[in-house]
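**Student:** Given next are the chains, with one letter for each unit.
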Amino acid sequence: MAYTVISDREVCGKKKGESITDKELVDAGVSAEALIAANHIKASNTAQPSIKPAIEGVTN
Amino acid sequence: MARIVLTNAFISVGGVDLSSLVSSVSLSSSYDVVETTAFSSSASKTRVAGLVDNSITLEFHQDYATSQVEQTIYPLLGTLATVIVKPNGGTTSAFNPSYTCSAVISEWTPVNGAVGELASASVSWPVSGAITKAVV
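Chains A and B supply the protein sequences, listed in that same order.
Just so you know, the first sequence maps onto residues 1 to 60 in my numbering.
Just so you know, the second sequence maps onto residues 1001 to 1136 in my numbering.
Just so you know, the hints here were simulated from the structure itself, not pulled from any lab data.
No false leads were slipped in.
To give an idea of the interface, some chain A residues facing chain B are shown, with a C-beta separation under 10 Å as derived from the structure:
id	residue
1	Ile6
2	Arg9
3	Ala38
4	His40
Glycine included, C-beta positions come from ideal geometry on N, C-alpha and C.
Using the sequences and the hints given, assemble the complete structure.
**Tutor:** Okay, structure coming up:
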């Protein structure tokens, strides 16, 4: 799980816009839930773009 | 080593750098003193150090804005949070050691102040376990 820093304050040494991982948060002994609740980080959008399968016989 | 005037101390609570919203910091350790006096010819009490009790005292400037003091501390109430203190915000070294502890966020005063005063929050949090000092 990865998060993006959205806070104006540094979070575990990371600045706004930088990415931070679960492992980094655990290593720092901090709670992801508390940081999310306080609007310091948000879950990064890791969803892959959906690719529709090509349909035979259909041309664009 | 020169004397130091604290002007740029670093304070992180729960992973968040709140230095610019803290006006006072005190990290303290106090050992129980256990008496071990027994019959002897010295006629003096003897003692050893017992359990250590660590705590951290902070004075915050209250700020309710997004990602500031109130929003950072409130979700931590009643939990253990990692607190890091350094005399200076610069690189950790033997001359700027870093102290890390796990504090019990046991108290909070969301609203505190008199008319015309800066809203502030003074807390004294007990530490669970040891304080770790790092110099690199």
